[in-house]
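*Asks:* Taken in order, these protein sequences are the chains called A and B.
When the first sequence is numbered by the numbering used here, its final residue is 220 and no position is left out of the sequence of numbers.
When the second sequence is numbered by the numbering used here, its final residue is 417 and no position is left out of the sequence of numbers.
Please keep in mind that the hints were generated in silico from the structure rather than gathered at the bench.
Take these hints with a grain of salt, some might be off.
As the list claims (entries may be wrong) - The calculated lysine-lysine pairs, modelled on DSS-like cross-linking and capped at a C-alpha distance of 25 Å, are:
1) A:27 / A:52
2) B:270 / A:138
3) B:215 / B:66
4) A:138 / B:273
5) A:155 / B:33
6) A:52 / B:186
7) B:120 / B:48
8) B:120 / B:300
9) B:166 / B:186
10) B:382 / B:249
11) B:300 / A:173
12) B:303 / B:315
13) B:303 / A:84
14) B:166 / B:120
15) B:48 / A:173
16) A:173 / B:33
17) B:48 / B:95
18) A:156 / A:138
19) A:27 / B:315
20) B:270 / B:249
21) B:48 / A:138
22) B:309 / A:84
Claimed, not checked - In silico contact screen, one side only, chain B against chain A (beta carbon under 7 Å); selected entries:
23) 41
24) 93
25) 209
26) 212
Using N, Cα and C, we set each Cβ at its ideal position, and we do this for glycine too.
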Amino acid sequence: MKKISITLSILFTVTIFVSCSDDIRRKPGRVYMPDMAYSRAYETYSVTEEMKDSLLRHGVHFSNTPVPGTIKRGELVPGFLLAKDEAGDTANYAASRSIQNPLPALDSMQMIEANRLYLVNCGICHGPALDGNGPLYKGGDGPFPAKPAQLVGDKKYESMPEGQMFYSVTYGKNKMGSYASQLNTAQRWMVISYIKSKQQAAGKSAAPAAGSADSTAAKK
Amino acid sequence: MINHRPIVKKLFLSILLSTVVVIGNHLFAQDGKALFQSNCASCHNPVKVVTGPALQGVTSRVTDKKLLHDWIHNNQKVLASGNKYFNDLYVQFNKTPMTTFPALTDGEIDAILKYVEDYKAPAPTAGGPGTSAEPSSDNTLLYGILTLILAVIMLVLLQVNSSLKKLSDDKEGIPAAEPIPFYRNKVYIMFIILLLFVGGGYLLVQGAVGLGRTKGYQPEQPIFYSHKVHAGTNQISCLYCHTNAWESKHATVPSLNVCMNCHAAINEYKGAKLLREDGTEVDGTQEIQKLYSYTGYDPKAGKYTQPGKPVEWIKIHNLPDHVFFSHAQHVRAGKVQCQTCHGPIQEMNEVKQFADLSMGWCINCHRTTKVDFPDSTGNGNKFYSIYKSFHKDLQSGKMDSVTVEKIGGTECQKCHY
């Protein structure tokens, strides 16, 4: 009888140990020295519970917009001076047509960087091939309900001046949002230079391709 | 005499007209979608309000066909004429002017309208890969039971052995010692103490090492944001949202305007079933509504009507205050993939800490990672270009490669300063 009770108690203990190992860890657990693990100074996202209360009381959180008039280090000056149009007004959108791209032509390394910026920020909707058919649209099957601009192959966008493109990237257009928080001024101009160079390349390659097709046909 | 000419003329005209209509009809079916996609789709969706109104049912809302055609050809003229329906619509959509389409023929417009009225939204992809995910099998319990059974068998066999020994001793007339119950048997007690010592020691060391480490930490976030849907299914680059990983110490959680770049238009979730880690289902559309409540966006009006408030995301990956870590240094200079440290993030519905972020883990990677020096074309990491001697040694064949450790990757002050 005693043997059975001892065996049972061992079994019980093991079951408890096994069942205690939880699969989903919802709590971070304890640390040795909290004052060394968690910053005493305010650091991005490292807010402790007590700090959070006092910060929120002062209206401080990490997604605040910068103070108006703030100029970022390394920002292109004077930058883009046209303000965003009010709803129903297109004056500045029209005026942006005359704004020139302040950057000189991109060299090959800058072009690689511009390509990267395009693929990260624009390709998701406008397509890696600039055909207006990125993974979010997928010819109408993706989650995005509106068709993104077809940057290569649509006369409207091929003839659009760079300044007007910059306006749209900076303030958003139709269902496209503003990219001013993700791309700085120089990066936005770089992406536009990249789009323009792709449009020109497509325009050029279309003409010789047709020509070569003709010549091969002629040979036959 | 009967004048035949008008009849012939009428007949000819009617034949011509019917031919045109037949050909036109044929074209409608083919080109409605293409025409819609190239002319209208950037602002309109058949069943969803985008920049402009949802178009399905437009022919019943505007019964005057000519008026509708006039509107599509040149909406400014219709607005100027003072039509109430269209002027109200114009105000409702924030006075966003519609592009004029003077070049579209009546046939083309009819084709577009037919496509819009016949359009059916693609069926939601129910099921799919999200549901077929099997729960990972955990064998710990099985092994535990197996060990227990084996231990019981061993005890029984030991008992049998001692009984048999006793029997044979009795037969040979050797006087049996006083029988000792197994729980007072010194060998057994020794064995159990040893087991407890080893097992307890193992658990103690594991606990002590694990204190302060949060591998597997998976808190419930204020919004069920699925990296699987965004980075996996929809192939959004990590850097789209975590822009600063490229140039700053922090990868940064995006501000809500970045979410709204897409979610101003995407207001419902139609993909594969979303499951929490414990298997309960999540309503994706409801989670997008939560985003709207944080941003103060009114999806019906398409405007921000309330002041926004921050989402209090729970930080998962936490390094102690005495450790310096820069995302830019790793992502941009070192070209380390996000997944190297964060695991298969594109497959996680709820983010889980993948690496233990211990010092040994950092050091092991620094010991083996090769530095990508600039090649002849200038591609590569120029950060360490002062180490010319390594180049020379590499070129002369004295070394075959340089590890991170050799250029100070294990200096204490790199992290503890």
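*Asks:* Tell me, in ascending order, the numbers of any earlier hints that this structure violates.
*Replies:* Those not satisfied are hints 3, 6, 12, 14, 20, 24 and 25.
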